[in-house]
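With the UniProt record's numbering as the guide, the letters of the sequence shown map in order to residues 1 to 185.
Keep in mind that the hints were calculated from the coordinates and are not lab data. On a predicted model such as this, the values are computed, not experimentally measured, just so you know. Any given hint could turn out to be false.
Stated by the list, open to error - Using C-beta positions, here's what the derived DEER-type ranges look like:
#1 T64 <-> I6: 31 to 41 Å
#2 G167 <-> L81: 38 to 48 Å
#3 L68 <-> A41: 21 to 31 Å
#4 V139 <-> S21: 52 to 62 Å
#5 W48 <-> V139: 47 to 57 Å
#6 I33 <-> A163: 47 to 57 Å
#7 K59 <-> A131: 42 to 52 Å
Note that CB positions come from ideal geometry on N, CA and C, so glycine has one too.
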Amino acid sequence: MKFALIVIDLAARVLPGHRQSWGEAMRAEVRAIESAPDALAFAGGCLWAALCERITVMKAIVFTGRLLVGLVTALYGAMFLVMMVNGLTGQSAQPVMPWVVVWVATMGLSHLAAAAGLVFWRPKLFWSAVALAVLPGLVLTVFGLATQASQFLRFAWPFLPLALLAGAALFLAWLERRPRRPIAA
1 MKFALIVIDL
11 AARVLPGHRQ
21 SWGEAMRAEV
31 RAIESAPDAL
41 AFAGGCLWAA
51 LCERITVMKA
61 IVFTGRLLVG
71 LVTALYGAMF
81 LVMMVNGLTG
91 QSAQPVMPWV
101 VVWVATMGLS
111 HLAAAAGLVF
121 WRPKLFWSAV
131 ALAVLPGLVL
141 TVFGLATQAS
151 QFLRFAWPFL
161 PLALLAGAAL
171 FLAWLERRPR
181 RPIAA
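Work the whole structure out from these sequences, hints included.
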């Protein structure tokens, strides 16, 4: 019976704040059960329910994180597309080289695709879009074209936001990992 009380206390602590009344009800129910095996089985079920309730809250937090990071990524991609349009219509201060327009279009579209892949968590779409964004910047850096361009393309500044995006995606995927099935429920 004492072990059942320890398990039910753990279950009550795991519950989210808005479900604390459930914890008190679970404690009262375990104290009312006379058989130790039945009390332990009930406490185990309560612990499982508390963990599931906590996981539901975590999924909402992860989805909100995905939505916010996806929104920032989509805005970043839209910025590239606006830069492309400004370059094509002659609204930029410097003459635009054709490879810069292609690179900017690739960055814009791949960031929009990465945002969609992140929000709806389609890993193949997301990682393909990230690779599509990395490759042109890598090619420009390797062949030295980035150093011949304006400050806008110096070295490889686009790699920093892509690294942050990839890190955020990996972190959110780690948070969302589905829990293992219980040994006994």
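Hint-by-hint comparison with the structure:
Evaluation of the 31 to 41 Å hint for T64 and I6 yields a pass: the beta carbon distance comes to about 34 Å. At roughly 24 Å, the beta carbons of G167 and L81 sit outside the given window of 38 to 48 Å. About 41 Å separates the C-beta atoms of L68 and A41, a value inconsistent with the hinted range of 21 to 31 Å. With their beta carbons about 60 Å apart, V139 and S21 fall inside the hinted range of 52 to 62 Å.
At about 52 Å, the CB distance of W48 to V139 agrees with the hint of 47 to 57 Å. With their beta carbons about 54 Å apart, I33 and A163 fall inside the hinted range of 47 to 57 Å. The hinted window of 42 to 52 Å between K59 and A131 is violated, with their beta carbons roughly 28 Å apart.
Figure legend: structure checked against the earlier numbered hints; hints not met, in rising order: 2, 3, 7.
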